[in-house]
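Chemist: Make a model of the complete structure from these sequences and hints.
Read left to right, the sequence shown gives residues 1 to 154 (the numbering used here).
Keep in mind that the hints are not guaranteed to be accurate.
Simulated pairs of lysine to aspartate or glutamate, EDC-like, Cα-Cα distance not exceeding 20 Å [as the list claims (entries may be wrong)]:
hint, residue 1, residue 2
1, K106, D95
2, K96, D85
3, K58, D23
4, K106, D144
5, K106, E116
6, K135, E116
7, K132, E116
8, K125, E136
9, K58, E14
10, K106, D149
11, K96, D149
Between beta-carbon pairs, the in silico distance windows are [said to hold, decoys possible]:
hint, residue 1, residue 2, range
12, P11, L101, 53 to 59 Å
13, A147, A78, 29 to 35 Å
14, L101, G133, 28 to 34 Å
15, K135, D85, 49 to 55 Å
16, T145, N93, 17 to 23 Å
For the record, the hints were derived by calculation from the structure and aren't laboratory data.
Every residue, glycine too, gets a C-beta built ideally from N, C-alpha and C.
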Amino acid sequence: GAKNYWEQFQPAPEFVVLFLPGDHFLTAALQADNTLLDRALARRVLLATPTTLIALLKAAAYGWRQESVSKNADEISALGRALYDRVAGFADNLDKIGRGLDTAMKGYNTAVGSFEGMLLPGARKFAELGVKGTKELTSPGTVDTAARDVVKRS
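Modeler: What follows is the structure in structure tokens.
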């Protein structure tokens, strides 16, 4: 434990494992010195038999899997936030385009009204007086379709 083997690798748990190849070795050592386990733990040494080593390795593997899941969850969360912000920005852009289309449509309809109310009657009078061009005078239609609103739901 005093050699601090864990300092060589980062990240690493701050203990070393002393493997005893049989449970009976640990049992005999603890019968000879019942403070052995406490002293080993105080020096950051885990005494491991085949049974406890398997459990320790499974716990380490589980920890690595959980770390991987946690990293994936963090990445998924970051990607989700970025996507959410992009969708919100795109919705704002669509809303601006819709308002622009609405303004353009109103301007177009106003221009059509002015054309029909002020220009077309004067031009028709010319036609009645025999002054006519080669093309027929027609009135452009109004645009009655409105841009669909982007619905923001929370």
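Chemist: Each hint needs a verdict: does it hold in this structure or not?
Modeler: Each hint tested on the structure:
A threshold of 20 Å between alpha carbons decides the hint, and for K106 with D95 the separation of about 16 Å falls inside it, so the pair holds. Distance hint between K96 and D85 is fulfilled; the C-alpha atoms sit about 17 Å from each other, no more than 20 Å. A C-alpha spacing of about 18 Å is found between K58 and D23, which places the hinted pair at or below 20 Å, so the restraint holds. Between K106 and D144 the alpha-carbon distance is near 9 Å, which keeps this suggested pair within the 20 Å criterion.
At most 20 Å may separate the alpha-carbon atoms for a hinted pair to count; K106 and E116 meet this at roughly 15 Å. Restraint check for K135 and E116: satisfied, since their Cα atoms lie roughly 17 Å apart, inside the 20 Å limit. Restraint check for K132 and E116: the C-alpha separation of about 18 Å stays at or below 20 Å, so the hint holds. Proximity of K125 to E136 is assessed by CA-CA distance (about 13 Å); at most 20 Å being required, the pair is judged to hold.
Taken as a hint, the K58 and E14 pair is honoured in the structure, with Cα atoms around 18 Å apart against an allowance of 20 Å. For the suggested pair K106 and D149, the alpha carbons sit about 16 Å apart, so the restraint of at most 20 Å is met. About 10 Å separates the Cα atoms of K96 and D149, which keeps this hinted pair within 20 Å; it holds. Separated by about 56 Å at the C-beta atoms, P11 and L101 satisfy the suggested range of 53 to 59 Å.
Between A147 and A78 the C-beta distance comes to about 34 Å, which sits within the given range of 29 to 35 Å. The supplied range of 28 to 34 Å is met by L101 and G133, whose beta-carbon atoms lie about 33 Å from each other. A hinted range of 49 to 55 Å holds for the C-beta pair K135 and D85, which are about 53 Å apart. Hint check: T145 to N93, Cβ distance near 21 Å, so the stated range 17 to 23 Å holds.
No hint from the list above goes unmet by this structure.
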